[in-house]
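Engineer: Residues per chain are reported as follows:
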Amino acid sequence: MLTIAGTEFRSRLFLGTGKFSSSAVMADAIEASKCQMITVALRRVDLENPDDDIMSTLGQREYTFLPNTSGARDAKEAIRLAKLARAASGTSWLKLEVTPDPRTLLPDPVETLIATEELVKDGFIVLPYMNADPILALKLQDAGAAAVMPLGSPIGTNQGVLTDAMVEIIIEQARVPVVVDAGIGAPSHAAYAMEMGADAVLVNTAISVASDPVAMAAAFAKGVEAGRDAFKAGLGAANKEASASSPETGKLSTDLGFLA
Amino acid sequence: MNILLNGQEKECTDGSTVLELLASLKLTPESVVVEHNHEILQPEAYTAAELAENDQVEIIRFVGGG
Chain F
0 MLTIAGTEFR SRLFLGTGKF SSSAVMADAI EASKCQMITV ALRRVDLENP
50 DDDIMSTLGQ REYTFLPNTS GARDAKEAIR LAKLARAASG TSWLKLEVTP
100 DPRTLLPDPV ETLIATEELV KDGFIVLPYM NADPILALKL QDAGAAAVMP
150 LGSPIGTNQG VLTDAMVEII IEQARVPVVV DAGIGAPSHA AYAMEMGADA
200 VLVNTAISVA SDPVAMAAAF AKGVEAGRDA FKAGLGAANK EASASSPETG
250 KLSTDLGFLA
Chain P
0 MNILLNGQEK ECTDGSTVLE LLASLKLTPE SVVVEHNHEI LQPEAYTAAE
50 LAENDQVEII RFVGGG
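Here the protein sequences come in this chain order: F and P.
For the first sequence, numbering that gives the first Met the number 0 gives the first residue as 0, with consecutive numbering after it.
For the second sequence, numbering that gives the first Met the number 0 gives the first residue as 0, with consecutive numbering after it.
It is worth saying that the hints were derived from the structure and are not from the lab.
One or more hints might be untrue.
[Unchecked claim] Now the stretches of chain F that chain P is said to cover, found in silico as 3 or more residues with beta-carbon under 8 Å:
#1 12–21
#2 40–52
#3 85–94
#4 167–175
#5 193–205
Beta carbons are placed, not taken as given, at the ideal position from N, Cα and C, and that holds for glycine.
Chain F with its partners taken away, still in its complex shape (with noise of 0.2 Å):
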């Protein structure tokens, strides 16, 4: 079972909730993919409709609710979006995210540390959305994040982990969760995270934008599952050289000259 903060999960698999066709899309996605971590952004109300409300969808049901502070530059919008967070969740989880360029939406490192040192301080669950660096890795767990969050590729872009080499650094180092966040673009991918020992992984644009994402959902499930599977089996180490699976012995080829 996954534990972040105290909070024990156990589904693997966190979605996120932008980008859906519809709420009930949505809502039957989540249900398809078992995850109990959803997370939500805040923007100003639209005031031509007021009735537009996502937790009219999901604020009844027993999850655990993510705030992203997406939209921040710095760690100063961040702090105060995670302050409205807060203030409209009642709970201090957050997933920090701080990425001053909209063409790239990479994370400011120096931004998000600085941000996670105030905002465990302040009592929030700080989960911060990072470059798969780990040594910046290190340096936010020692601040007080109660995971870290490496990017596999840029959000969005559906491309998998490209990272794995630094994201497999980051697990073997880390002594809080890691979820493995961002262009995860199919099952396969999540799998590969998870093989490669990440506790859970975050998928929101492959699924959403999927033909058909609730089905999406329910294979993105399997994925994470297996992934998991696999790595607590143990997987066989690669090999450049060939290593018959069939016994050596016993073959009939010397015998079949008989053929020519």
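Given chain F, work out where chain P should sit, using these hints.
Structural biologist: For chain P alone, kept in the frame of chain F given last:
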């Protein structure tokens, strides 16, 4: 008088409260969080929080996000 609501000018009655503003916007207080001149208001404070000329009000809620 005018206030700045979610970054846009909005006319409202002199001396009206945050609770009245939410009602006029057809927003249930539980579904939003309100920042009044950069201070987060606790829901209990909505009745007492009176709006003044050029006040900045942000009304925020959760939306889908990753």
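Engineer: Which hints from the list above does the structure break, by number from lowest to highest?
Structural biologist: Those not satisfied come down to hint 4.
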